[in-house]
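If you read the protein sequences in the order shown, they are chains U and G. Quick note: the first sequence uses our numbering, first residue 431, plus one each step. Quick note: the second sequence uses our numbering, first residue 276, plus one each step.
Please note: incorrect hints may appear among the correct ones.
Below, a sample of chain U positions facing chain G; criterion: calculated Cβ distance under 8 Å [said to hold, decoys possible]:
no.	residue
1	Val467
2	Thr519
3	Thr523
4	Asn529
5	Val586
The hints are simulated quantities; they were obtained by calculation from the structure and are not laboratory data. A virtual CB, placed ideally from N, CA and C, is assigned to each residue, including glycine.
Residues per chain, in single letters:
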Amino acid sequence: MAYVGVVSGHKELHMMDYDGANPTRVTSNNSINLSPVWSPDTRSLAFTSYMRGYPYLYRMFPFENRPVQVLAGFLGINTTPAFSPDGRTVALTLSRDGNPEVYLLTLATGAFRRLTTYAGIDTEPTWSPTGREIAFVSERAGGAHVFVMDAEGANVRRVTQSGFNTQPRWSPKGDTIAFTSRQGNFDLWAVSPDGSNLRRLTAGPGNNEGASWAPNARHLVFQSNRSGNYQLYTMLADGSEQQPLPRGAGESTSASWSPRLP
Amino acid sequence: MAHRWGSAQLLAIPVLALSLFLVGCPKRPATTAASAPAPTGTPAPSSPAPSSPSTPSMTPAPAAPATAAPATPPRPSEFAENANLKDVYFDFDKYDIRANDAKILDTNAAWLKTNDNLVLIEGHCDERGTNEYNLALGERRAKSTMNYLVSQGVQASRITIISYGKERPVCTEHTEDCWARNRRSHFLTKSR
């Protein structure tokens, strides 16, 4: 798993085994590093960092002696990377055109293509395992809700109907989207991509956020402040068997469960 | 502003940092004190990245070609606090300028029109909600603030915005009062 850990007040990227063993820091830029996500081949992590002052999107290769790449360095935010299942495309959020919108970056060419058009916030894309659809968060219906669109940006349909819903994460099996909902505190919920079968996965204590699916779609890792500061927990896909991972020295958040290692 | 870069630029960006590759243990991650230069043609800062004490052997970043790059904003660290410019605040999950805050922005705009500084507007959020959404929300708050100043006659070319989401709170208590103080646009300036 990759995750964000706080070191001397800075948010640095870390990696560890799925059971919390062998935590290792992988960035040391004394900055704010956020939202790590694995590429499907597990060779690289995309993430947002303020290492050069502004929130640009980068890609690093934690197992290789390769340079960090800048994936997007536009004015405004360059955030929320999500690799397509074939690894060739990164969905992301850019505000270069005036407000946060979802774009696709073709890695082979460096070409960006805008998918959404709304005057408010569109952000947090997550791919279906087929690569044919993308779920994302938009405030176009008032408040933050999860929507699904075709990977070309068409056929947008609303998935969540109430609450304040962010962090959609499409399961590797394709039948479920986990997300974070604010209804009082923040808790994890799940819903089918067509909006049916809404169910609650966590019910406190504290806030429970930032789910990431295991590659077998049977487990999720998430962050909770139920015992004080934010730490990582795992649970089964139905919300049962919630277990803390070994505590780090500081806060641990934004876990990304890697695909199966080759 | 649209900027593209090709695969050669994207995939062959020179590195600033020394990555430590742990030979013989391929699944142990290398520790990367990395700072990559922004691609040519982006509005990234053109000044060299600061060297890190932990990576003294870093190669300085090549400056972006002045002819290709558009006007690049200074790094946020080049801006300084300015007591003449007051923060404005926002309701939860909102980024519209409230009536009382518009008066504050009128005062800020008046100062900016008589003092030809560059200004950095930081958009901030409270601790509730997710990092990712709050980065977008902070961006909208900074942009709303910028738009208001521009409407009052401040040149847009003098203004840079940055969202910190919920990453830089001024208050860390878990109370409504504290959250209200964190939902803000904050101003810093830099002499031209």
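Query raised in the report: So which of the earlier hints does this model not fit?
Result: Violated hints: 1, 2 and 5; rest satisfied.
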